[in-house]
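There are 2 protein chains.
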Amino acid sequence: MLVKGTHYRTVWMDNGSVRMIEQNRLPFSFEVHACNSVEDTCQAIRDMTVRGAGAIGATAGFAMAQHFLDPKQKTEDALEMIKRTRPTAQNLFYAVERVYNQAANSRKPSSAALEEAQAIANEDAEACRMIGENAARLLAGHPRMMTHCNAGWLAFVDWGSALSPVYAARRNGITPFVYVSETSPRGQGARLTAWELGQEGIEHAVIPDNASGFFMKNGDVDIAITGADRIAANGDTANKIGTYMKAVIAKEIGIPFYIAAPTSTIDFRCPDGRGIPIEFRNQDEVLWKSGVTEDGKIERILTSSPGSLAKNPAFDVTPARYITGIITEKGIVKPSELWELKR
Amino acid sequence: MLVKGTHYRTVWMDNGSVRMIEQNRLPFSFEVHACNSVEDTCQAIRDMTVRGAGAIGATAGFAMAQHFLDPKQKTEDALEMIKRTRPTAQNLFYAVERVYNQAANSRKPSSAALEEAQAIANEDAEACRMIGENAARLLAGHPRMMTHCNAGWLAFVDWGSALSPVYAARRNGITPFVYVSETSPRGQGARLTAWELGQEGIEHAVIPDNASGFFMKNGDVDIAITGADRIAANGDTANKIGTYMKAVIAKEIGIPFYIAAPTSTIDFRCPDGRGIPIEFRNQDEVLWKSGVTEDGKIERILTSSPGSLAKNPAFDVTPARYITGIITEKGIVKPSELWELKR
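Sequence lines, in order, name chains S and U. Numbering of the first sequence is given in the working numbering, commencing with residue 1126 and proceeding in unit increments. Numbering of the second sequence is given in the working numbering, commencing with residue 1126 and proceeding in unit increments.
Read the hints as simulated data drawn from the structure, not as lab findings. Computed from a predicted model, the values in this text were never measured in an experiment. Incorrect hints may have been included.
If chains are identical, the list can't say which one is meant, so a pair holds when it fits in one copy or spans any two.
Said to hold, decoys possible - Subject to a maximum C-alpha distance of 25 Å in a straight line, what follows is the list of computed DSS-like cross-link-like pairs (lysine-lysine):
id : residue 1 : residue 2
1  : K1233     : K1208
2  : K1376     : K1342
3  : K1208     : K1467
4  : K1436     : K1208
5  : K1436     : K1342
6  : K1376     : K1436
7  : K1422     : K1129
8  : K1342     : K1129
9  : K1197     : K1459
Put together the whole structure using the sequences plus the hints.
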């Protein structure tokens, strides 16, 4: 997608170096971060320089390729190090295993790994484009959509999942309005989704996470679409903390609630949501906020009572019964029909 | 309640001046703010130097008394000015009308007004103490309670509503644990509730508003108690934005959800929640956060994408069907039995 008129992907590989848009400094500063070793790339995943299901997957694939290009440790150790960066996103495990298997069975592991990692990134971008095509019909007239966190192109290689239908509808002449919940603690909605939509000129409003129920109950929301970090075989879906609450409210009120994700996010080996590990992150992410001061300086401030502790689960699981449909590159299915996509 | 060992009320009157704890600077700085005119006092309500249903009520009563002590405008104009400060909190209208009626029917309006305003403040503190007594039995064993926003003593003259049962239980030897949702956009949970509980040595954790559903679903919460800004005759309750979402989730999971408020918060002239006006506040409260930097400076930072707009409803209405009971100084009743308290 476009940044100030130039097309960017979220993550790409350039001569052995993994390059990515530095998402911890967005939207206040647009920078490209370079990772010159597997260790660097793993650190960028851990500290969320790159984040979002698809973008993490592509980055992990590139990290595995980076290992084969210049092995500095045993392949199994590199594999384990990449897998340990973050526990919840299915795309990470999907990508790293695909690259590993392809390289391990090749006589030219380094080029096989690189090709496979690049293929994963390309497939991610193409799957996201198709998600938009498949779901644009859900956004007719002047649709008012609610989303959560960032499942836009910054969370994938390009296009995004939950926001791809917005971009597709817009190209079809539809003018969607997007309610962007800020997504505390890290504010990916207010920072990243609002920035993306602003770059594409799509009308939107940032709302406190607390206000999402208010607007749904008030008749202001026609449809809710979020992304997913992992979808279990029965349709239970792990996504950014707060998704569960929105889904329950949407069902209570009768607003359709969709999950948008490429099929690489589906973990058919995981029968239901109880099998999805939930990452707890550092409490400082809750206690401190970062942003930019009136004189343009990026600053970090404590917004909680000094000395108080916090708990910081990064994801929650929305049971399949609250989900109207799952939008994938292969079409839109009900959670109970997910197995059809396995073919 | 105690601040560093000294007993304070949230708001009081001293020789014609209305004094209050400056809540916009808490918990990073503890200051007493003095309002020497009705205008000053109104401004302090508007800019939330004082906030919370009971504290706003007492302050409004003192503002009315301040007028009668030294009239600088027509009494009706002063009355209207005070009423226009904030639209949602029932206690404000209750207090200002009580003081007005008492003074208007007295041959010594200034001393009648002062006495009545003081009586309202004392009644608020006593009602809150009784709320704690009445509800302490709901917190047995090692109860894990969730609350929202600040309905502690800072929101009243003393003791608080939702937190009063915690303080009462603690005095009875119970050790509650409190989940404090941060309460975006203004963070009254993370800032004020966490600070209050810290001062009283009560174990707690700050959680993102988004995580309240996670902990309820996870079996970590035994009971939820919040305050109220206005309760309609049928039990529909306006409270800080986000309360509605918590109540729906609590009902979905089967966790008892209580509202704690003095009967002065009940608006028997309002048949149901549709009659409660909802205040929309400035969008900058959503887009900007304030806190303290690592070197101790109070700073304001933009946490949203520059140029994005926000919507900022300050309250929502929780329909009575989601409320297990309403805790008042007269006892605990079901929403449908609220009329019994009118006697």
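Hint check:
no.: 1; hint: K1233 to K1208; in the structure: within (23 Å within a copy, 78 Å between copies)
no.: 2; hint: K1376 to K1342; in the structure: both (11 Å within a copy, 16 Å between copies)
no.: 3; hint: K1208 to K1467; in the structure: within (23 Å within a copy, 63 Å between copies)
no.: 4; hint: K1436 to K1208; in the structure: within (24 Å within a copy, 40 Å between copies)
no.: 5; hint: K1436 to K1342; in the structure: between (29 Å within a copy, 15 Å between copies)
no.: 6; hint: K1376 to K1436; in the structure: between (27 Å within a copy, 23 Å between copies)
no.: 7; hint: K1422 to K1129; in the structure: within (21 Å within a copy, 35 Å between copies)
no.: 8; hint: K1342 to K1129; in the structure: neither (37 Å within a copy, 43 Å between copies)
no.: 9; hint: K1197 to K1459; in the structure: neither (45 Å within a copy, 68 Å between copies)
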